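Protein chains in written order, with UniProt numbering: chain X, 1 to 363; chain S, 1 to 363; chain W, 1 to 363; chain L, 1 to 363.
By construction, these hints were calculated from the structure, which means they are not laboratory data. The structure displayed is predicted, hence computed values, not measured ones. The reader is advised that the hints may include incorrect statements.
A pair holds if it fits inside one copy or across any two, identical chains being indistinguishable in the list.
Subject to a maximum C-alpha distance of 35 Å in a straight line, what follows is the list of computed DSBU-like cross-link-like pairs (lysine-lysine) [unchecked claim]: (1) LYS240 x LYS58; (2) LYS294 x LYS51; (3) LYS274 x LYS51; (4) LYS137 x LYS274; (5) LYS42 x LYS294; (6) LYS51 x LYS169; (7) LYS58 x LYS136; (8) LYS169 x LYS94; (9) LYS58 x LYS274; (10) LYS4 x LYS240; (11) LYS137 x LYS218; (12) LYS51 x LYS226.
4 protein chains.
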Amino acid sequence: MVKKAGVLGATGSVGQRFILLLSQHAEFEIHALGASSRSAGKAYKDAVNWKQADILPKTAQDVIVQECAPEGNFAECDIVFSGLDSDVAGDIEKAFVDAGLAVISNAKNYRREKDVPLVVPIVNPEHIDIVENKVKKAKAEGKQTGFLICISNCSTAGLVAPLKPLVDKFGPIDALTATTLQAISGAGFSPGVAGMDILDNIVPYISGEEDKLEWETKKILGSVNKEGTEVVNIPEDEMKVSAQCNRVPVIDGHTECISFRFAQRPPPSVAELKQALSQYVCDASKLGCHSAPKQTIHVLEQEDRPQPRLDRERDNGYGVSVGRVREDSLLDFKMVVLSHNTIIGAAGSGILIAEILKARGLI
Amino acid sequence: MVKKAGVLGATGSVGQRFILLLSQHAEFEIHALGASSRSAGKAYKDAVNWKQADILPKTAQDVIVQECAPEGNFAECDIVFSGLDSDVAGDIEKAFVDAGLAVISNAKNYRREKDVPLVVPIVNPEHIDIVENKVKKAKAEGKQTGFLICISNCSTAGLVAPLKPLVDKFGPIDALTATTLQAISGAGFSPGVAGMDILDNIVPYISGEEDKLEWETKKILGSVNKEGTEVVNIPEDEMKVSAQCNRVPVIDGHTECISFRFAQRPPPSVAELKQALSQYVCDASKLGCHSAPKQTIHVLEQEDRPQPRLDRERDNGYGVSVGRVREDSLLDFKMVVLSHNTIIGAAGSGILIAEILKARGLI
Amino acid sequence: MVKKAGVLGATGSVGQRFILLLSQHAEFEIHALGASSRSAGKAYKDAVNWKQADILPKTAQDVIVQECAPEGNFAECDIVFSGLDSDVAGDIEKAFVDAGLAVISNAKNYRREKDVPLVVPIVNPEHIDIVENKVKKAKAEGKQTGFLICISNCSTAGLVAPLKPLVDKFGPIDALTATTLQAISGAGFSPGVAGMDILDNIVPYISGEEDKLEWETKKILGSVNKEGTEVVNIPEDEMKVSAQCNRVPVIDGHTECISFRFAQRPPPSVAELKQALSQYVCDASKLGCHSAPKQTIHVLEQEDRPQPRLDRERDNGYGVSVGRVREDSLLDFKMVVLSHNTIIGAAGSGILIAEILKARGLI
Amino acid sequence: MVKKAGVLGATGSVGQRFILLLSQHAEFEIHALGASSRSAGKAYKDAVNWKQADILPKTAQDVIVQECAPEGNFAECDIVFSGLDSDVAGDIEKAFVDAGLAVISNAKNYRREKDVPLVVPIVNPEHIDIVENKVKKAKAEGKQTGFLICISNCSTAGLVAPLKPLVDKFGPIDALTATTLQAISGAGFSPGVAGMDILDNIVPYISGEEDKLEWETKKILGSVNKEGTEVVNIPEDEMKVSAQCNRVPVIDGHTECISFRFAQRPPPSVAELKQALSQYVCDASKLGCHSAPKQTIHVLEQEDRPQPRLDRERDNGYGVSVGRVREDSLLDFKMVVLSHNTIIGAAGSGILIAEILKARGLI
């Protein structure tokens, strides 16, 4: 059955991508679009400054934009995707969850909450157990409950994708460095990154990004507690993560040069590492989710790959590419990771999380 | 007195920059230009595909190009700058030195030779002592001797510039990571980096670059032996260096995200680090060399600097910029370094080395 | 029935795109790949430096590359696509046609031959009548004949696409100016346009391009003679075309700022112009060709469109976008045209021509 | 004697460039800086988000920013440069002139006023006669008068520079087309052109630009009336100008592909055209103005020049480059013009106009 989907922050950069992905999706239909009071009451096509390469989908263009409240069409939604800015996301998302709605958010506001799963769908869908438990418990009590799932930061998504199969197979990583070369689409477009700042240039700073990369990794690679109610992060002293984040003149696709060390001695070989990466099949694929990548991690053997322009579209942007896997003189290994920041790193992840929720009967 | 200068590989990318810098220089005059037999015999302006923003200097345009042999005008040169490709530099540079000429080379062929100084002029001009001793010895024997000094790799030059004052003040660095974002001018222009490879893209690989960055650092930060005849590199096990090199869509200016640890415990504070960097005055400045930077290391306090387009021209490209100096969770510190790859990282370094040689009476 | 296809110049830029398009095509299968003797005998995957965003197709990777002669697998091909460089295309393509093969070429060598149709498949497929007549005549004589069809220059294809419906409806255009902003993919990639030439830069010159744009327009918009054997170009004095061609830092998609005047007075209105463009349905669409655009000409109303990054993929690159249609103070009208140079401007056109040939029973 | 200079809109893009140029200027000193009330009262270094490659000049950093009123330090200024946005420039500039101050403005508000000269200093400084007459008249009446001179639009400045010597020598041009490829620095930087809009892209529209190019050309090439009080534009029907304006991914330097026809028959030859361009010496040079170009128009003979990255800095950005001068099949000639949009097209022009005023004793 087709599920009714709502989009909060529908006119923004992330909201537009939610709409684009939903419009082409067999399992969801656009039912409610929310934006600021300036846009409310207008047809979507009149409210939005559409900036995607694909044409504004017909199924969205005449939808009347609502304010972002859990009323009207939103009240009928099976799932609500939030592309809200963090300065307003806090209150609005809370209101939606309190009203019993299922919300998947790209905003950072609730990512640190222990009972809110922070999910990269090709990495840690098992954290959704917390939601399942909450839903079951409510049902057992004859009630219905809303819930919130957070999408991770874009650069974190790319980073943890290849780490997951490695940690699963070879045990904990206790030291990790990541220097990122991040695409400008990650910053949205009004104004986003100014042309004068990025043409023939690098900006070696993205506000808040290094901190997110460092702590989110420890939550996403963490585990659910015994009660099934909270995520337990990897303790600070068990995993040192050091990030350096840069904005580069690339439209889409975050490149990350990483190095890492396993706690366990001796570490695996490069060949074993590559094999673990290549053989990894994410749960979303096993569940048969429509957007799940056929190949979760692509291990590229050419010495000059992955490259954002050539490799970002692997598996429609849901696959992550890894190249230059080699030993490191300081830690154990170093390699280059490439992920599509607006797909697996943002709106696309939200869609795949929703597919998992549907496959698991949670929406 | 104005010194006679020759340029080998005069039509190439590095050669053109040598010519440009020499043409504006009060202490040198262009006396000989050498290129392949295809160009030999032609006026320089007819042999070259001039690709610099500044117009082809008048003092070069009518110079008749010679073949690259230590004869004709080259025999009269006080100093010869080599911008030759490594596939031909070996034999030609040897012939020039054997003929008693003073050669400063940008090629990689002799960089690993223990009795050939590998010099970043704002970092280790003291390695020129080897040359001075060789010249003095020859003179004592009533002979004259040629000699060779190598310019370092461009990304190495930027890296070691801020490390030098830190090592001088706080002792050895035993671990270092460097992820580079290198400009395309470093690859020359025929063909250099293809537009299709670098527009909206990153290439996470530069042939041979990581290896150069890792070992050259240990030679440049190494010391001259007691006899004054050879450079003693920092031993492998005393300094671990790990590099990851990327080509980015930037015309000029290499950005390097580095982290490092001092051997000595406890390490200095961030404030002490910045002070040591800011107060550093390179020997070339003390010698009063014309091209020496007024400020060797610029410590930038803005959180989003240095940026290549805005900061690469500091001190005409002879100054190096450092920003985002902060503590690192894994090693001691991390920071961003920016240097002008065609000035302090290539031809410009050659000119400043020549100025030092002149100031020290070696040419 | 699936047709056997061969590709000449299979390792080059255009050849790679032919292979990519063929590998995804229901009506053609890759049967023969030809390249220089350096590549001949190797599996394609070992011969090629694959530079496309899509992965090297499985159906091509193990094909053994042949030399470019009408023998072996090429002799069995129903259609041969040529992506050869013009310095070798002349002799090779002639040999293929003489051997009775059907050849569609992207090279410029035979474009000016009167009995060789120069075809933009969404514009002048009626010029293929010449081929049909030749084939019928041979068949009537109990013989079989090879033939050649040329693909137009990329910037010409974009230009003539909107002109065709206008000329059809409003009569001849007697004056036309076109200033192009051409993407770098049009120059191939070995080396193609150097990064140093195009980053933060414009190159206001493309060798031979202006001449091609000026004369090809008069052939493509010309007519077939009564005998059905030759194309009659629009006479020089009936249509003045003036082109200025620039290379710009864009990966794919040629933008052309054009102005033009109709011979007939008074000229149509802007509204009539737009209507004629919007209503145009190319013959390839009427024939039901698989790659034919659903909408041949997209008339965009937003004042800042078309833009290459946003609009080049319309109808998989087979649709052409037009925007800013307005009156001109000097001629009658001016407008901006955008076309995908590697699809409708090169390999893609070749594929669509082959589909037309198949639909018309000529292969 | 050093003149006291004020800058209105001092924190903006154009204001910053005025300050940079003034700080390096022997004849002017920064005496007053004006910005919005948000900045007023702060030291300039604390009020500005400095975005220039050169470091914030010492002579500006501690100047206390005032509001934009003709009081305080502004009242003592010999000359005031306005980089104000057009939404506030109207009232403020009027107040300054009414207060008896000499104002040179980059804003568009008063450009169409007949008694306000619209000046490109290397083209039509003779229009300053209007100001001189006004000043003399006031002086004769024992009064003092303020006055306003407008700087032209950036793309107009580049266009008219080579037209002036041609019109001077060969008579009126009656038809002109110009397709521009304009750098992003022309749009300022907060936000200016968004990175997402310009990377791997062209925007074929700049609000109001085509109209400015078309009418400003007729004022700048127009003449002063007999009374010496107003500019008489070239009549509409004597000169048809058609412009198409594009934004391209270039930092600095506007490229314009133009074609034009002389009223007089027969037209001159290409050689005569080039000679007229090369021999042109602008009045500012004759007056010995410090910033005046040594060579006003550079005629480049290489077939692929001018290029913005290589040629924009000719004569410190005050020289204009012309290339590809050739006959046109539709009008008489076509050629490519390159000018530095922030120098001769904006702040730089303001400085040179002030130098002319000083040389003529008007400030």
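>> Checking an output row: LYS4 and LYS240, CA cutoff 35 Å. Within, between, both or neither?
In response: For LYS4 and LYS240, the Cα distance exceeds 35 Å both inside one copy (42 Å) and across copies (56 Å).
> Can you tell me if LYS240 and LYS58 fall within 35 Å by alpha carbon in one copy, between copies, both or neither?
Replying inline: Neither. Shortest intra-copy (48 Å) and inter-copy (42 Å) distances fail the 35 Å Cα cut-off.
>> At most 35 Å between alpha carbons: which applies to LYS58 and LYS274, within, between, both or neither?
In response: Cα proximity of LYS58 and LYS274: across copies only (22 Å, versus 44 Å in one copy).
> Quick one: LYS137 to LYS274, C-alpha cut-off 35 Å, is that within a copy, between copies, both, or neither?
Replying inline: neither (41 Å within a copy, 56 Å between copies)
>> When Cα atoms must be at most 35 Å apart, do LYS51 and LYS226 count as within-copy, between-copy, both, or neither?
In response: The answer is neither: 45 Å in one copy and 50 Å across copies each exceed 35 Å.
>> I want to check one pair: LYS58 and LYS136. Are their C-alpha atoms no more than 35 Å apart within a copy, between two copies, both, or neither?
In response: neither (37 Å within a copy, 47 Å between copies)
>> As a check of your reading, is LYS169 near LYS94 (CA-CA no more than 35 Å) within one copy, between copies, both or neither?
In response: neither (38 Å within a copy, 54 Å between copies)
> Given a CA cutoff of 35 Å, do LYS42 and LYS294 count as a within-copy pair, a between-copy pair, both, or neither?
Replying inline: between (40 Å within a copy, 30 Å between copies)
>> One pair to classify: LYS274 and LYS51, alpha carbons no more than 35 Å apart. Within, between, both, or neither?
In response: between (38 Å within a copy, 23 Å between copies)
> When no copy is specified for LYS137 and LYS218, does a C-alpha distance of 35 Å or less occur within a copy, between copies, both, or neither?
Replying inline: within (27 Å within a copy, 62 Å between copies)
>> For LYS294 and LYS51, with the copy left unspecified, which applies at a CA distance of at most 35 Å: within, between, both, or neither?
In response: both (29 Å within a copy, 22 Å between copies)
> How do LYS51 and LYS169 come out at 35 Å by Cα distance, when the copy is not named: within, between, both, or neither?
Replying inline: between (42 Å within a copy, 34 Å between copies)
The structure fails to meet hints 1, 4, 7, 8, 10, 12 from the earlier list, while all remaining hints are met.
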